[in-house]
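Residue numbers (the numbering used here), protein chains in the order written: chain E, 2 to 149; chain G, 21 to 109.
I should point out that these hints are in silico values taken from the structure, not numbers from a laboratory. Don't take each hint at face value.
According to the in silico footprint, chain E covers these stretches of chain G (three or more CB under 8 Å from chain E) [what the hints assert, rightly or not]:
hint, segment
1, 50-56
2, 59-70
Mimicking EDC-like on lysine to aspartate or glutamate, the simulated pairs with C-alpha atoms at most 16 Å apart in a straight line are [said to hold, decoys possible]:
hint, chain 1, residue 1, chain 2, residue 2
3, E, Lys118, E, Asp41
4, G, Lys65, G, Asp49
5, E, Lys7, E, Glu91
6, E, Lys88, G, Glu71
7, G, Lys65, E, Glu85
8, E, Lys7, E, Asp87
9, G, Lys65, E, Asp87
10, E, Lys88, E, Glu6
Cβ-Cβ distance ranges computed for the label pairs, FRET-style [as the list claims (entries may be wrong)]:
hint, chain 1, residue 1, chain 2, residue 2, range
11, E, Arg147, G, Tyr78, 27 to 37 Å
12, E, Asp81, G, Phe74, 17 to 27 Å
13, E, Asp81, G, Thr43, 17 to 27 Å
Yeah, the Cβ is synthetic: ideal placement off N, Cα and C, and Gly gets one too.
Here is how the chains run, residue by residue.
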Amino acid sequence: MGHQEKQSIVSIIGSVLIIGFYTLYVYKNYVAGDPEILNDFQFWGKSFLYLIPIGIVVQIVIHILFAIGNRIVTQEDMPDLTDERDKLIELKSIRISHWIFVFGFMLSMGSLALGMKPYVMFLTLLSSGFLASLVSEVAKIVYYRRGV
Amino acid sequence: MGKETPLITNNIRKLRFFADEMTQQELADRTGVTRQTIVAIENGKYFPSLELAFRMAYVFKVPLNEVFSYNAENDPIFKKMKNPKTIEK
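The whole structure should be built from the sequences, with the hints applied where relevant.
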């Protein structure tokens with residue numbers, strides 16, 4: 002397995018951990034005590050805004066820890082070089098994740114159009130963003146294995 | 021159905037052998053890509069940009085068509101045409 006594939010797997014694990022722990026934290030500390038908060042736009046705004054920097058920092062930390070662990074186990078440095086094939090695979094996987102997010106966005110707007118509660122829209126947005134990032138990494142692994 | 025010959029094939033493995041058994045890592049370092057990319061090119065899983073192809077030819081000191089070969093007979097574009105036009109010499 003190549004370094005890029007390993008990094009994609011680490012990213013997938015990172016994304017699952019971040020979204021899992023964050024939603025659990027938010028649910029336990031805010032939603033469980035007051036379910037009505039789900040209809041508060043300020044709550045959703047803050048939840049989304051905090052998730053982005055937390056997600057970035059945690060992903061960086063996870064990747065650093067992985068690089069250190071990988072160095073100890075394999076005695077090999079992670080390549081800091083990104084070549085034309087990496088860029089092409091990145092572009093192709095971003096295109097797939099973009100379409101998934103657009104589809105999720107349409108679904109979320111559809112939920113509003115159908116008169117559902119706003120939290121359905123926010124949950125659909127969050128889920129589609131999460132799914133898009135997962136599929137992007139899975140697509141990378143597939144492209145690295147199958148070829149482009 | 022037999023496996024079709026790919027449109028573009030390469031002789032990188034052979035050229036590496038004749039270049040004092042140049043390693044994939046060495047070729048990768050000289051052409052500015054990762055070893056995984058060289059592996060993918062050798063296995064026909066990735067077709068490099070023209071720039072990288074020329075860089076490889078330059079490293080091996082051979083013309084580009086000695087590194088990569090194009091099999092026009094297998095090209096579906098030409099197969100569709102009854103009389104594919106090429107320039108007569």
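How the hints compare with the structure:
Given a C-beta distance limit of less than 8 Å, the hint that chain E covers the segment 50-56 of chain G holds, as 4 residues qualify and 3 suffice. A stretch counts as covered by a chain when three or more of its residues have a beta carbon under 8 Å from one of that chain; for the segment 59-70 of chain G and chain E the count is 7, and the coverage holds. A threshold of 16 Å between alpha carbons decides the hint, and for E/Lys118 with E/Asp41 the separation of about 11 Å falls inside it, so the pair holds. Of the pairs offered as hints, the one joining G/Lys65 and G/Asp49 is violated, with about 20 Å between alpha carbons and a cut-off of 16 Å exceeded.
Restraint check for E/Lys7 and E/Glu91: satisfied, since their Cα atoms lie roughly 15 Å apart, inside the 16 Å limit. With a C-alpha separation of about 15 Å, the suggested pairing of E/Lys88 with G/Glu71 holds against the 16 Å cut-off. Under the criterion of a C-alpha separation no larger than 16 Å, the hint pairing G/Lys65 with E/Glu85 is consistent with the structure, at around 14 Å. Taking the CA atoms of E/Lys7 and E/Asp87, the gap is near 14 Å; set against the 16 Å cutoff, the hint holds.
Between G/Lys65 and E/Asp87, the direct Cα distance comes to roughly 13 Å. Compliance with the 16 Å bound is thereby established for this hinted pair. In summary, the hint linking E/Lys88 to E/Glu6 is supported, as the alpha carbons are separated by about 14 Å, within the 16 Å threshold. Judged by the Cβ atoms, the range 27 to 37 Å given for E/Arg147 and G/Tyr78 holds: they are separated by roughly 29 Å. Checking the proposed 17 to 27 Å range against E/Asp81 and G/Phe74 shows it holds: the Cβ atoms sit about 25 Å from each other.
At about 20 Å, the beta-carbon gap between E/Asp81 and G/Thr43 stays in the expected band of 17 to 27 Å.
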